[in-house]
Every structure is written in C-alpha cells, then in structure tokens.
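There are 2 protein chains.
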Amino acid sequence: MHRTRVRVVEGALDANDTIAQANRADFDRAGVAVVNLMSAPGAGKTTLLERALPGLAGVRVGVLEGDVAGSFDADRLSRLHLTVTQLNTDQGFGGECHLDANMVRSALPEVPLGEIDLLVIENVGNLVCPAEFRVGEDARAMVCSVTEGEDKPLKYPLMFRACELVIINKIDLIPHLEVDLELLLANLDAVNPGVPRILTSARTGEGVDALRGWLVGVATRERAPA
Amino acid sequence: MHRTRVRVVEGALDANDTIAQANRADFDRAGVAVVNLMSAPGAGKTTLLERALPGLAGVRVGVLEGDVAGSFDADRLSRLHLTVTQLNTDQGFGGECHLDANMVRSALPEVPLGEIDLLVIENVGNLVCPAEFRVGEDARAMVCSVTEGEDKPLKYPLMFRACELVIINKIDLIPHLEVDLELLLANLDAVNPGVPRILTSARTGEGVDALRGWLVGVATRERAPA
Chain F
1 MHRTRVRVVE GALDANDTIA QANRADFDRA GVAVVNLMSA PGAGKTTLLE
51 RALPGLAGVR VGVLEGDVAG SFDADRLSRL HLTVTQLNTD QGFGGECHLD
101 ANMVRSALPE VPLGEIDLLV IENVGNLVCP AEFRVGEDAR AMVCSVTEGE
151 DKPLKYPLMF RACELVIINK IDLIPHLEVD LELLLANLDA VNPGVPRILT
201 SARTGEGVDA LRGWLVGVAT RERAPA
Chain Y
1 MHRTRVRVVE GALDANDTIA QANRADFDRA GVAVVNLMSA PGAGKTTLLE
51 RALPGLAGVR VGVLEGDVAG SFDADRLSRL HLTVTQLNTD QGFGGECHLD
101 ANMVRSALPE VPLGEIDLLV IENVGNLVCP AEFRVGEDAR AMVCSVTEGE
151 DKPLKYPLMF RACELVIINK IDLIPHLEVD LELLLANLDA VNPGVPRILT
201 SARTGEGVDA LRGWLVGVAT RERAPA
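These protein sequence lines map, in sequence, to chains F and Y. The numbering of the first sequence is the numbering used here, which starts it at 1 and goes up by one. The numbering of the second sequence is the numbering used here, which starts it at 1 and goes up by one.
Pulled out of the complex, with its shape left as it was, chain F reads as follows (with noise of 0.2 Å):
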C-alpha cells in the first residue's frame, strides 16, 4: 500500500523576500556586507556618506544610489573616487517610490562585488515603504534629520522600528530650530526601544567617525547564513 506523502511547505516567502534571499547568497558568496540606508528626503543621507565612506580605513566601499529620477546623488559621490552604480525607479519601474529587492536584483550586474567589501545602498528618500521591502541587506539604517521634528518616530513608526541603527543628523542647527532632542529620542524609545542611535552632524563632522566604526562594524561581522 502505497501512502501519499504530502509535504508541508512552511514559512512560503513572498516575491520580494525570496529574491531578496538571492541576492543575500549573492553578497555572501562574493563577501560583500551590505547597507541599507533610508530617511525622508533631504535628511542628509548623501553628504552623511560623502563624509564618512572616504575615512573606511581598510574597507572597499560601493554605493547603490537609489532615486525616482537622475543621478545627482551617484554624481557626488562619484567624485570621492567610490564605486557607484546608479538605479532609477522610473525607467520600467512605474517611479516606485522605496527600492525593492527585484530592483536591486536587477542593478546587481553593473555593481562590481569582487571589488567591495561593503555596498551601501542608498534608498529612495520616503519614511513609509522603504521599511516594508528587504534587498538582501545585512543591516538596515536610518537618518532622521532634527529639523523634521520630534513625533517623526510615532507617525512613521514601522521605519523606525526596521532599523538596528537611528542616525539623528544635522544636530548642529538645534540651536536654530525650536526642536526638543530629548523628547525625540523618547518617542523613538517608545517605538524602538533601546536602539542604538549616532548623533550626527555632517557639516560640522561631529558623530561621523561614530559613524564610520559602526559601518565597518557591519563590514566585519560575522554573518549569519542566508
């Protein structure tokens, strides 16, 4: 007698979370740690990186600049001598506002993993669907900028809680701005508590070398298996 073996699939990915998982075997196999960075726009994601990738003692760094349009970002950076590869979401993408892992699936020929140890993947700028999208990332990081306002963590908690790094940017403008510091860094504990937070300014360069060690902290770490 011949019994019909049924198996159970369990914990079935959806789209997004199985390329993802491709691309992470990819990154592996090449030993590339990967970043995903993400803030509203205009929270200083770009010159925050402008300041802190040149000064990676001993890290090979690349840069997957995402945008809805141009390559304003990718140009910048380019100038530092980095390797930046440019994805645009409005080229056969319909101007999704967040980068997916298909997207970054399909950027991933043209950014060279044999020659990095890090890739930085700079995220469309947009607080609420960026969070809702792994690429395959080891470690997911944001930047909120002070000028935003202090209730950022509770309107857009989801963000907030995806990250295992805050980077609270442009601190040096708080004397300028009617901004309570305190209160914000108790609405993201009321949202994330305890996460690990940098304050930050790129102009002035306070909290970047902060900064740096943390990347290179995700550069070297031992990674967990895909």
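Be aware that one or more of the hints could be misleading.
Unchecked claim - Chain Y stretches covered by chain F per the calculated footprint, using a threshold of three residues with CB under 8 Å from any CB of chain F: (1) 113-124; (2) 150-158; (3) 173-180; (4) 188-194.
Bear in mind the hints are in silico, worked out from the structure with no lab data behind them. Glycine included, every Cβ here is placed at the ideal spot set by N, Cα and C.
Please arrange chain Y on chain F, whose structure you already have, making use of the hints.
Just chain Y now, with coordinates in the frame of chain F:
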C-alpha cells in the same frame, strides 16, 4: 436593416479617478473647495496650517489629516477649534504612503461638508506617491523646506509638477544652512516653469498672509464643472 451601434468610450478613467470624480461631485454639491496639501515628512505642513487657518476671515475651514498612524497633527489643529477629521492609512489600507480617492471617500461621512467652505487635505508626508493620486481636489499645493536642499525638484519632479503652488518653508533657517535659495528656485523652474511660489516661515510668520490669500482665492474661485 439594423445597424449595430457601437458606443466608443474614450478617456476611460481608472478606478482612482472615477472615485475622485465622485468625491468632487460631493464637494461641489456642498459648495466646498478642496486643497490637497503635500510635502516630505517634517516640511512643516501642520505648523503652517496652525499659523494660516485661524486667520481666514469669512471662510469656514475643515482639515482632513492623512497619516500612516496616530492623530498628532489632528490633535494640534483641533486646539484651534477647526473641524478636523483623522484618516489613518494603517487601518484597513495596509499602511499606505499616500492618500487616494477611495481613502478620502471613506472618510467623507466624518467630514461635515455642510459646515465648511474650504477643506484642506493634509496628505501623508511623501514626495512620490501622493502626486500620483487625485482625490477630488480643486488645487494641489506642496511645501518644500529649505532644509531639504536645492535638488529636490530635480529628484522628485512629478511632485513639483503636479502642484499649482509651491510653498518654500523654513526660510528663517537660511542663514544657518548652506542651501542656495536661488538654485532651489531655478531647479523648481526647470521642472515646473513659472509655477507660483510663496516663501514662508511658519515660525516668524513671513509669507503666511500670502498663503492665506491663496487659500481664500481657491475657496472663492469660479469652479469648473466636475
């Protein structure tokens, strides 16, 4: 002999536009003008409304607050004794990064159209998707903070093209920034030549009268048929 008559439907609307027209018909019947106000997170939409709306002589104003989560902005505005309705996109709408016509329609039973002349819809903070969805509004306006940098019109061109007014906010901070206002305005003209713009500081009140004038103009303009 019978001839088969084929009716050709041209300019068929997608579902969003069909519902936007239904919203617009309801607004028209009630004699309510509607402004769809958009920006990146933290550009200052709510603070501008706090400053501008109480001074709108002779125009009864309501606000429909769009947020992913919470009612922080609605709570702030309700202190001004405005008619405020909160619409959250995370309950039933999957945490959407924008308002669409159907979401607005679902909120209309809670908006007292018979008691107001002008409805300001404060969209979710996002420079991409809100520009893609008409909600039945008469006019679209956006707020761009000078802290976001000069390049935003070039990086998010659809948003800057979709609006008939661009409000450049937080101009009191210009002395403390490296931003080039003339370049920001030139970039704006590159994507939407000659679009009306108002320079504002919600903190000092500069430009708030001009914004009030624009709102009154929308509220009292001759309305095109839906």
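Now for the hints, and whether the structure bears them out:
1. 113-124: With 1 residues close enough to chain F, the hint is violated.
2. 150-158: holds (count 7)
3. 173-180: holds (count 4)
4. 188-194: That given contact is violated, which follows from only 0 residues of the segment 188-194 of chain Y lying within Cβ reach (below 8 Å) of chain F.
Checked against the numbered hints given earlier, the structure breaks hints 1, 4 and satisfies all the rest.
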